[in-house]
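> Take the sequences, apply the hints, and build the full model.
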Amino acid sequence: MKIRNGMATLLLVFVLSACATYSKVDTGQRVPVGEGITVTAVGGWASISHQLISNTGADAIWTVDGPSINHLTFYSAIRSGEPMLVVPNSDVELPVWRTGMTEPDVMEFVEGSLAKANKLPFIETENLRPHTFLGQPGFAFEFNLVNQKQLEIRGLVIGTQAGGVLRMMTYTAPKLHFFAKDEASARAIAATAQLTGS
Amino acid sequence: MHFTRRHLLCGCAATALTGCVGAGGGKPIAAGYAPALDSVEGGLWEIFNKAEADLKFSPLRMTDEELNRYVTDIACRLAGSHCPDMRGYLVRTPFFNASMAPNGMMQVWSGLLLRCQNEAQLAAVLGHEIGHYLKRHSLQRFEQMRDNATIAAFLGIAVAAAGGGALANLPGLVALANIFAFSREQEREADGVGLELMVNAGYSPIEASEIWRGLIQERDAGLTADERADRKDKSDVFFASHPAPEDRAQTLALQAAAYPGGKRIVGEERYLAQARAFRDMMMQDELRLHQHDRTLVIVDRMKAANPGDADPFYYEGEVYRSRNEGLDDGLAMRAYSRAIEADDDHGLAWRGIGILHRRAGREADAATAFQRYLELVPDASDRLMIQSYVGA
Chain S
12 MKIRNGMATL LLVFVLSACA TYSKVDTGQR VPVGEGITVT AVGGWASISH
62 QLISNTGADA IWTVDGPSIN HLTFYSAIRS GEPMLVVPNS DVELPVWRTG
112 MTEPDVMEFV EGSLAKANKL PFIETENLRP HTFLGQPGFA FEFNLVNQKQ
162 LEIRGLVIGT QAGGVLRMMT YTAPKLHFFA KDEASARAIA ATAQLTGS
Chain B
29 MHFTRRHLLC GCAATALTGC VGAGGGKPIA AGYAPALDSV EGGLWEIFNK
79 AEADLKFSPL RMTDEELNRY VTDIACRLAG SHCPDMRGYL VRTPFFNASM
129 APNGMMQVWS GLLLRCQNEA QLAAVLGHEI GHYLKRHSLQ RFEQMRDNAT
179 IAAFLGIAVA AAGGGALANL PGLVALANIF AFSREQEREA DGVGLELMVN
229 AGYSPIEASE IWRGLIQERD AGLTADERAD RKDKSDVFFA SHPAPEDRAQ
279 TLALQAAAYP GGKRIVGEER YLAQARAFRD MMMQDELRLH QHDRTLVIVD
329 RMKAANPGDA DPFYYEGEVY RSRNEGLDDG LAMRAYSRAI EADDDHGLAW
379 RGIGILHRRA GREADAATAF QRYLELVPDA SDRLMIQSYV GA
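Residue numbers (the working numbering), protein chains in the order written: chain S, 12 to 209; chain B, 29 to 420.
Below, a sample of chain S positions facing chain B; criterion: calculated Cβ distance under 10 Å:
no., residue
1, E104
2, R109
3, G111
4, E119
5, G123
6, L125
7, E135
8, T136
9, L162
Simulated from the structure, these hints should not be mistaken for lab results.
Don't be surprised by glycine CBs; every beta carbon is placed ideally from N, CA and C.
Right, dumping it as structure tokens:
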């Protein structure tokens with residue numbers, strides 16, 4: 012089982028923005044983004060060093076303008092009984108994913124994880140729909156949230172559940188201007204996602 | 029008092045920002061009072077005036093005119109001649125809190141509205157906050173400060189707050205609350221003032237105690253006796269900055285008993301009628317927090333107050349389906365079924381039933397329930413996914 016002793020991504024990115032080290036991901040370059048998944052970069056993304064994200068619950072985080080602005084986050088293998096995020100040094104119990112969940116359950120799992128880990132005043136999900144990811148039947152949906160600084164954030168979640176594992180990619184950016192700016196790039200990257208060996 | 033667009037903060041503690049050494053903290057504030065602009069107190073008020081201006085544009089503002097008018101009317105009945113000096117803001121945040129800033133900016137969070145069971149309980153909370161304002165407790169607290177480090181920390185937070193919007197930062201609010209938590213005496217005094225304002229406005233004073241009893245129930249829900257004895261609720265915005273609710277509930281009950289009896293306003297029906305339009309929004313926000321045991325306490329109260337209403341059973345089903353442990357699927361199915369018994373057209377209950385069937389691999393039953401859901405909620409946000417389940 013993968014160790015997920017980290018901080019909720021949305022919280023962490025603000026800390027990371029001051030001290031993160033980045034590696035440019037060249038367009039067209041196929042790179043691993045966690046356990047058994049590769050994607051091809053499209054657009055001007057940079058990957059945040061693995062050392063700095065080792066405690067986020069994510070397997071890879073990419074950004075264009077800095078992680079406090081926008082980020083692509085990859086969760087390559089959430090297994091039954093595991094949370095998506097973990098808040099360190101806290102007794103907050105986060106939702107866990109379970110085998111057999113329906114896609115509406117997964118949407119609510121993501122929604123609840125973000126809400127609880129980040130003590131969000133507001134989050135709503137929308138447009139849950141079938142979506143192929145990693146060549147498998149999956150799902151996609153959007154979310155809108157207001158964070159503790161009262162900034163309106165929009166997110167896109169694309170994922171699939173198969174083989175006892177939940178795999179997801181999230182794209183998150185401020186609703187005003189930034190989300191639309193790199194949305195097409197994020198979707199294009201999701202479309203290139205492949206399971207290793209497939 | 030008016031509940032219109034202004035700013036967001038945890039002013040219950042932040043009222044200390046009115047602090048001005050020797051300026052009369054603890055002395056009752058006069059109606060129409062405003063500090064001189066060139067005074068320390070005036071400067072501190074200005075910080076909150078700017079913060080209040082930011083609140084105008086908060087995406088969390090609840091701007092429904094009827095609801096704002098309703099809460100404003102209650103606050104004005106309590107505040108009397110001070111009503112024009114205060115401004116109220118309803119804020120969509122699913123935690124229990126209300127607050128008053130030194131400049132008269134009052135916030136009421138939606139998590140509080142969800143938990144009040146009647147108008148008198150809301151009046152109790154508003155009266156308490158108005159009590160802090162009337163007694164200028166924050167100023168008194170500041171005058172009592174002798175610790176330079178504490179004052180420096182306070183000024184740092186105040187300066188950060190002036191930077192724009194930072195008062196909405198919940199961790200910042202908790203920090204502020206911890207630094208400027210009112211003394212027990214001040215909290216009790218505010219409770220006493222609030223109780224007096226309630227009684228003068230015709231409300232039943234015992235309801236002030238009841239709201240704290242409700243909070244105790246929620247806080248202790250799902251805990252063993254040992255866990256209750258060892259509970260730590262620092263993560264809760266409200267409990268982090270206020271005295272133990274047990275003390276408060278007991279003292280308020282004793283004080284309420286000292287007032288003469290007679291017919292007094294509880295206002296359950298009219299409160300629930302006002303809150304009804306926002307109940308689903310507030311419950312969905314509550315459900316997203318995945319604090320299942322606490323939410324069940326709210327649901328139980330709702331069931332008791334609304335016999336025959338399908339929604340509380342639907343919410344109960346949502347809690348158990350979300351918790352998804354042990355016998356929860358069965359409990360969820362039973363709750364959804366009771367919602368359907370009360371209202372066969374409850375689309376969201378049919379959705380819940382469909383999800384439970386699908387989880388269990390009962391595809392035909394799931395399809396039947398989902399089809400009913402789509403008939404009843406044709407513009408459902410998850411329509412495409414649900415349609416994929418039923419092969420439509």
